[in-house]
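Chemist: This is what each chain is made of:
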Amino acid sequence: DGGITQSPKYLFRKEGQNVTLSCEQNLNHDAMYWYRQDPGQGLRLIYYSQIVNDFQKGDIAEGYSVSREKKESFPLTVTSAQKNPTAFYLCASSPGQNNEQFFGPGTRLTVL
Amino acid sequence: DAKTTQPPSMDCAEGRAANLPCNHSTISGNEYVYWYRQIHSQGPQYIIHGLKNNETNEMASLIITEDRKSSTLILPHATLRDTAVYYCIVRIKAAGNKLTFGGGTRVLVKP
Chain A
1 DGGITQSPKY
11 LFRKEGQNVT
21 LSCEQNLNHD
31 AMYWYRQDPG
41 QGLRLIYYSQ
51 IVNDFQKGDI
61 AEGYSVSREK
71 KESFPLTVTS
81 AQKNPTAFYL
91 CASSPGQNNE
101 QFFGPGTRLT
111 VL
Chain B
1 DAKTTQPPSM
11 DCAEGRAANL
21 PCNHSTISGN
31 EYVYWYRQIH
41 SQGPQYIIHG
51 LKNNETNEMA
61 SLIITEDRKS
71 STLILPHATL
81 RDTAVYYCIV
91 RIKAAGNKLT
101 FGGGTRVLVK
111 P
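Heads up: the protein sequence lines correspond to chains A and B, in order. This note's numbering applies: residue 1 is where the first sequence begins, and numbers increase by one. This note's numbering applies: residue 1 is where the second sequence begins, and numbers increase by one.
This is chain B alone, in the form it adopts within the complex:
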């Protein structure tokens, strides 16, 4: 699976949009971009995934660049409960299905 690079931490003001970047310059054509988050001492929570088109669900939006070498997760209106570590993962859907977690971005939403 391709490696991802994320900033180690970022702060966000409550009510504002949070834009979380992820670089995956070695992504291959059949690899998807997944985002999970982990609130302290809990299991990770699936957020969203995409291949090349932008995706949106009730939690977030995922913007993937045209060359697919980077993506941005957008939390449109951050709340204090969005404070968590956010993981960007790139993987093939068929290869044993494991999730390889890197260091992630520690997001702190401040009032």
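Only chain A is shown next, with the shape it has when bound in the complex:
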């Protein structure tokens, strides 16, 4: 069953702790993306990767880090440097640069 999976769906962390959000896709897509969504707002791009072992900062990369060691995986680490980490995090992938993006179900992170 092809698709994008994000885990966990809900995540709670204490302030000051780093946390890593998982994103896996078995669609053989080259490009992957991380977005953040705050209540009542649209999505904002954090990081994106067009190919394995390469990634670029999006509009709000500060306080976040990513890796792309495998084509199917694009984990996002929310570091303690991120001032307001509580949000809904969405991962997406696309077959290439010019194609529509397919989204995962999202992870809702709450920092206490």
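No wet-lab data here; the hints were simulated from the structure. Be aware that a few hints might be false.
Within a straight-line C-alpha distance of at most 20 Å, the following computed SDA-like cross-link-like pairs (lysine to any residue) qualify [to be verified]:
1. A:Lys-71 to A:Gly-96
2. A:Lys-9 to A:Phe-102
3. B:Lys-93 to A:Gly-40
4. B:Lys-52 to A:Asn-99
5. B:Lys-98 to A:Ala-61
6. A:Lys-57 to B:Ser-41
7. B:Lys-93 to A:Pro-95
8. B:Lys-98 to B:Thr-26
9. A:Lys-57 to B:Thr-100
10. B:Lys-98 to A:Ile-51
11. B:Lys-98 to A:Asp-54
12. B:Lys-98 to A:Pro-95
13. A:Lys-9 to B:Lys-98
14. B:Lys-93 to A:Ala-31
15. B:Lys-93 to A:Lys-83
16. A:Lys-57 to B:Arg-91
17. A:Lys-83 to A:Ser-65
Starting from the structure of chain A, add chain B where the hints point.
Modeler: Using the frame of chain A, we list chain B on its own:
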């Protein structure tokens, strides 16, 4: 990417067509119009996109005006499951491929 303007909300009766407008008066010649929707607490779902010709797929139809400054997404027979926030996005296909989401239109389909 060009900015888009959408009404914040609209209601639609179940079984009727839903017509969702979007203004993109600053669109440039190489920018496409994309539509996504997001059901509460889920990831956005791609619906349709077009450049200047009208487009239709199994989910919806996209009507783009001749001057390309506005477009309308048509859901031909709205169901309760179509209740969602609908986003109109204008972007170049080649520029880093990010999607810039505005506020969207919150569509409520009523029985």
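Chemist: Take the hints in turn and mark each one as holding or not.
Modeler: Taking the hints in turn, this is what the structure says about them:
1. A:Lys-71 to A:Gly-96: OK: Lys-71 of chain A and Gly-96 of chain A at ~12 Å, within 20 Å.
2. A:Lys-9 to A:Phe-102: Holds, at roughly 17 Å.
3. B:Lys-93 to A:Gly-40: 27 Å, violated
4. B:Lys-52 to A:Asn-99: Roughly 17 Å separates the two Cα atoms, so the pair holds.
5. B:Lys-98 to A:Ala-61: 13 Å, holds
6. A:Lys-57 to B:Ser-41: 25 Å, violated
7. B:Lys-93 to A:Pro-95: This hinted pair holds, its Cα atoms lying about 13 Å apart.
8. B:Lys-98 to B:Thr-26: 18 Å, holds
9. A:Lys-57 to B:Thr-100: 15 Å, holds
10. B:Lys-98 to A:Ile-51: Distance ~15 Å between Lys-98 of chain B and Ile-51 of chain A Cα, so the pair holds.
11. B:Lys-98 to A:Asp-54: Holds, at roughly 16 Å.
12. B:Lys-98 to A:Pro-95: Roughly 14 Å between the alpha carbons, so the hint for Lys-98 of chain B and Pro-95 of chain A holds.
13. A:Lys-9 to B:Lys-98: Not satisfied, since the Cα-Cα distance of roughly 23 Å exceeds 20 Å.
14. B:Lys-93 to A:Ala-31: Within the cut-off at roughly 13 Å; holds.
15. B:Lys-93 to A:Lys-83: Distance of about 32 Å is beyond 20 Å: violated.
16. A:Lys-57 to B:Arg-91: Distance ~18 Å between Lys-57 of chain A and Arg-91 of chain B Cα, so the pair holds.
17. A:Lys-83 to A:Ser-65: This hinted pair holds, its Cα atoms lying about 14 Å apart.
Hints 3, 6, 13 and 15, counting from the list given before, are not met by this structure.
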